[in-house]
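There are 4 protein chains.
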Amino acid sequence: MDFAFDARTEELRGTLLEFMDSHIYPAEPVFDEQLEQRTDPWSAPPIVDELKAEARKRGLWNFFLPGEHGAGLTNLQYAPLAEITGRSPHLAPIALNCAAPDTGNMEVLAMFGTEQQRKQWLQPLLDGEIRSAFAMTEPDVASSDARNISTSIKRDGDSYVINGRKFYITGAMNPKCQIFIVMGKTDPDAEPHRQQSQILVPRGTPGLTVERGMKVFGYDDSSHGGHAEVVFDNVRVPAENLIAEEGDGFAIAQARLGPGRIHHCMRSIGVAERAVEMMCRRTLGRSTFGRPIADQGVVQDWIAESRVRIEQLRLLVLKTAWLMDTVGNRGAHTEIQSIKIATPLTVEWILDKAIQAHGAGGLSQDFPLAEMWASIRTLRFADGPDEVHKRSLARRELRQYK
Amino acid sequence: MDFAFDARTEELRGTLLEFMDSHIYPAEPVFDEQLEQRTDPWSAPPIVDELKAEARKRGLWNFFLPGEHGAGLTNLQYAPLAEITGRSPHLAPIALNCAAPDTGNMEVLAMFGTEQQRKQWLQPLLDGEIRSAFAMTEPDVASSDARNISTSIKRDGDSYVINGRKFYITGAMNPKCQIFIVMGKTDPDAEPHRQQSQILVPRGTPGLTVERGMKVFGYDDSSHGGHAEVVFDNVRVPAENLIAEEGDGFAIAQARLGPGRIHHCMRSIGVAERAVEMMCRRTLGRSTFGRPIADQGVVQDWIAESRVRIEQLRLLVLKTAWLMDTVGNRGAHTEIQSIKIATPLTVEWILDKAIQAHGAGGLSQDFPLAEMWASIRTLRFADGPDEVHKRSLARRELRQYK
Amino acid sequence: MDFAFDARTEELRGTLLEFMDSHIYPAEPVFDEQLEQRTDPWSAPPIVDELKAEARKRGLWNFFLPGEHGAGLTNLQYAPLAEITGRSPHLAPIALNCAAPDTGNMEVLAMFGTEQQRKQWLQPLLDGEIRSAFAMTEPDVASSDARNISTSIKRDGDSYVINGRKFYITGAMNPKCQIFIVMGKTDPDAEPHRQQSQILVPRGTPGLTVERGMKVFGYDDSSHGGHAEVVFDNVRVPAENLIAEEGDGFAIAQARLGPGRIHHCMRSIGVAERAVEMMCRRTLGRSTFGRPIADQGVVQDWIAESRVRIEQLRLLVLKTAWLMDTVGNRGAHTEIQSIKIATPLTVEWILDKAIQAHGAGGLSQDFPLAEMWASIRTLRFADGPDEVHKRSLARRELRQYK
Amino acid sequence: MDFAFDARTEELRGTLLEFMDSHIYPAEPVFDEQLEQRTDPWSAPPIVDELKAEARKRGLWNFFLPGEHGAGLTNLQYAPLAEITGRSPHLAPIALNCAAPDTGNMEVLAMFGTEQQRKQWLQPLLDGEIRSAFAMTEPDVASSDARNISTSIKRDGDSYVINGRKFYITGAMNPKCQIFIVMGKTDPDAEPHRQQSQILVPRGTPGLTVERGMKVFGYDDSSHGGHAEVVFDNVRVPAENLIAEEGDGFAIAQARLGPGRIHHCMRSIGVAERAVEMMCRRTLGRSTFGRPIADQGVVQDWIAESRVRIEQLRLLVLKTAWLMDTVGNRGAHTEIQSIKIATPLTVEWILDKAIQAHGAGGLSQDFPLAEMWASIRTLRFADGPDEVHKRSLARRELRQYK
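Here the protein sequences line up with chains A, B, C and D, keeping their order. Straight run, no breaks: the first sequence in the numbering used here ends on number 411. Straight run, no breaks: the second sequence in the numbering used here ends on number 411. Straight run, no breaks: the third sequence in the numbering used here ends on number 411. Straight run, no breaks: the fourth sequence in the numbering used here ends on number 411.
Mixed in with the good hints, there may be bad ones.
No distinction is drawn between identical chains; accordingly, a pair holds when it is met within one copy or between any pair of copies.
[Unchecked claim] Taking lysine to aspartate or glutamate and the EDC-like style, the derived pairs with C-alpha atoms no more than 20 Å apart in a straight line are:
#	residue 1	residue 2
1	LYS61	ASP136
2	LYS224	ASP41
3	LYS224	GLU37
4	LYS411	GLU286
5	LYS224	GLU45
6	LYS411	GLU20
Hints are computed from structural coordinates only; laboratory data are not their basis.
From just these sequences and the hints, can you work out the full model?
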């Protein structure tokens, strides 16, 4: 259980930290300005492509992806780098081509895709030329129970025909989002974990309609393609678009979730660190009743609690990364669920205090805190609500004593 | 300490509940639709004026205002009515001409305005023909210490000249907002509580620029005029626009805050009740793993806790209203602070659970929960952050033992 | 919903407050001293009987019992008096003959007892001459589900024969405890709510063994007779000792619990008030780093939170009392459960902060805070764990929407 | 940052785990029985000495002490062993001669003692032949500010004369406690951190009176010598009893606290693990309403939360141990404070839930949970209240941004 940074991590950290200072932080106000001036309301501002080019030039690229297709880092090597990118969550992950949901989709294609699928979709994703979406959640059922998913994927000759409605499909409003991985039922009569399959649907396929952007606490998240409601009305794709075999959908989803969760958690810690820094700076810089706000006992309590909580959380994320590297995702199941449960609540709490320390400004577009909060809040649902994970974790704990 | 509804309250409750069912709830989807189709991005949809006409016809009008100018209700009479309007917070309060910040501004004009000021500004506000703003918070200082407010109001012959910058000026983006009550310093050398004054500034006065809408967790709150950043650059108004005397600003602000706080709290309880109802309906209507979500122990725990907390909170709000009626705002100081502290945290907690019970939809524009949450969150700052009120309350408690 | 004190309440409050100052508070150190010097380790010190005589002389007697047998107060009249007694929980309730479990037992005898039962047991209890116990909880089953109770009460000719084991039988270690009301099964085959009966068992009946005192966080609570483990081994009592009819046990228990819960809650608020007073006095009287501890922001936060929470809780208890008086215990079911859930957590929190404010002394026998905490902690189990009450309350809430 | 167990740790863990199973757990009921039968109310039962002999035979001895005098383990090696001993906190630490306050006192003597002091006091402590006490906290001042400590230590010829009153002096009621390390002021006029000194006072020195045992939530902790109130009335000891130099008291206390805190935290995690195990076993073994309590969602939530919190906490304790080993106590300051803050609250929460899961029994002497809770609660004061540590930690965090 060695969490020390190895030589490669140290080197990449150095390059990345330098890049944050020289490019990412200075780009933040530019990004905000360009957002206001966009013509397409769902596209990323041009600065994003510039940052991607700069990052790639420095070798800061595809860190998330192990193996030959990506940077080949272990989870433990990636963790501290992902944390750093979390400090500027709108710019740094995408600049390094490490933004969700592309990351998960690339993992799926790298692990399960055919050569043809990889060539057609993985490669342009790896090159940051297109973006992608993962269509699982449905508006009409409690998707936390995967068996509820009702979109149908029916074989019809050499094709599959897809019917259903999905929502909160992140990134799908962006016209650069060229490919959807869709989860649906190929066999409603199979045993529960073999009913689902995943299939590739290119944007523009007839019958696929991106209806509208769903909001998250008022944010449309348009700079990274929003969260779409999407309708599949007799959408027909060639049979070879199926990923792996019929009935593999649940297993593929599981394989995808482990890394996805840990990436979210790593970045969230970066968010928390930035919030603490902002809370310190703000309360040192403003005074009430003749003394800096930072002198107040209650504010110091927030800062101390934040530090104590972050330190614990980071170590658990690192341990989880190390376990995934050494015993695999299945062996790290309890830890993956644990960080999934612990991270949003911890970081939400810290952001809430940082917002409070900023006064009304903390709620506004002038500071990133409120938007960070909303984004973190979604993690209590994403990949299943906390409550489902807690129940599953508890049952595993109880099983030892039966 | 009698909180029972008297005959007038009962009668008005009956009329109001009928109006909610027949007009307000059915108007909610219409309102959302019209919002999408507005030409002016900061105006209320036309349904609002229709609802106002209907409400006024039924005598559901200006409940908030005691005395001859308003409905003449006591706080205790108004409390249960305000709670009901809180169930549809975007429509019901404005329909009854009981929406902030007009309510506070009308109170100030009724209490402190000259006959001329009342004729010119109070009357059209009472008639719901114009709207108004209250300009106190400043972006560059911690406004929780009123002494920090730095906007200057300088006497110059028969005029006052105003210079400063304000933000989070609710309602000011709305072109119907015709009058600003501005708080600023007339005498920086006076003793702390006599430095401030309040003055009337009509929209359109040269030098007054409404610069932009501030957001609250991504919401621009455009349907009720948003929250503006406003600049006063050598804004000149006649000396008779001053409200009361030079140096009275702090006292006027205090007089305004008591009722404002209790109105917010009353409505917030309505918000909480609606959230509990939605949480119950949703969890009864969706199933996971073969049983309604409402059967889950954790969900039942949320529902029970919500009920227990609401019941306590409502009683404290009622007691506060009763105290304000019987011993005045000063005598109710501890209770006013107590509900100001307790309400947002309690209602936030309930909304958070209701959101969680709704899955991703709970974050979206399809349910009012996320927007309600953001709105309630602002109350932890509005009229001073909780931390300032807690300190003040604790010092009063300690004083008894010195 | 009028919570004002009526004339009788005001008068009794005056007398009681005077009695607290003149007799109860001065008796506290005497009580502690006499406890050390007792010969019987499970008896009350002699000061208790002196206080009882003094209280009775002043008409401060049997406040808890409505109707002809007691003081005839309503719940709403009793509530503020009970709160005052809670400030000195070891002395004031017993001095007024208002201490559990006698109170509940007297209620049961007054409501359900035969003339003979009342003459033999109720009268000496009303006179404060003997004490009593209520034997329901069992060590070997989860008693929160009353159907689990396994003590058997079998008819045999003119007698009933009782077999079983009970624990946490409050007061039973005290030799003055002369009568046990025992809950057990007369008919295991009846429908669930008709299986149980209650029966009177005098101390000294052959087969009844008081085995040992159970502790509560190290306290043996010996001054009020402790909490005994009791064995019933073929205990035979005359058939006329049965209370009401066979199968009425559950209904009697329910009738008993309503008032019992509200008395506990009323007194607990008195405990909380005393804790706040002690917290204020202590933090004003000690300094660290050159300033009184009361100046620290975190301490002020505790004090303010305590005040805000107490005010809400007290009002809910008063409303519950008022409801019990006006619509009966059944109509007040939700409120009785609500105060049962809210009170221990609220008062525990306040006591925890008061302890922390006292430093190590707060844990010790030199201040009543730690013992108060332990006593309040038991309320999260007493009459059923919070979790059972929350579930029941939530189901009633959900039922409205089914 | 490598937390893996090295070979030596693995070997010792194996031996220790075997010893727990073969000797410690079986001794628990014997210990409880012998406690009841003691003649001296403040002595350890004889089983303790037997366990010590057995442990020493196996090389399970003085793990806590680095360097030549002890087992020579690093903090990181000791951590997982200390955790295991925490599972039986009354027996395992003392069996291994690793119980506070002897541990801290041995550290002080090993680091600062003269050869004579080490020979006379350290050696018998290392051999487990005598016990010792550390006398710092005073009843009359807020000891969290060390400058408040008012016991005087005055040089008088070849002696020092000590006057003052101390309380919560752990272990001092035990007649085997032969030596006191006393903290007091040698120079009230020196700069704050140079006023204090530490001095050795043997039991039996004239003027030293052990007055009474202080309780902790009703527990007298008599099996390990209780917590005494001690008076020093012109106690005269030879000048060579001073530890190090005059004015070094504060520095010695600091040196002592680091390891003391981490030992407490390590053991507390063992306490938490045992509580989770007990919670699982109990809820699997009891049923309500026809299903095991472990099936209830709220109980599963407790279990999952407990696991998530323990995992985070343990890692932070391990990191702290590792830091102390690699950069020293000063470099681990933030982490030492962090675990001091986080541990009691986390473990308290888990114990509270485990108690609740046990019903009334959870409060009793039949399960160790309530006593564990009381013991953990004291850690929020021990070595300074959490509030002092949070403030200090926050100020260090803020300093980075000044």
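Here is how each hint holds up against the structure:
{"no.": "1", "hint": "LYS61 x ASP136", "result": "within (10 Å within a copy, 57 Å between copies)"}
{"no.": "2", "hint": "LYS224 x ASP41", "result": "both (19 Å within a copy, 14 Å between copies)"}
{"no.": "3", "hint": "LYS224 x GLU37", "result": "between (22 Å within a copy, 18 Å between copies)"}
{"no.": "4", "hint": "LYS411 x GLU286", "result": "between (47 Å within a copy, 11 Å between copies)"}
{"no.": "5", "hint": "LYS224 x GLU45", "result": "both (18 Å within a copy, 14 Å between copies)"}
{"no.": "6", "hint": "LYS411 x GLU20", "result": "neither (48 Å within a copy, 29 Å between copies)"}
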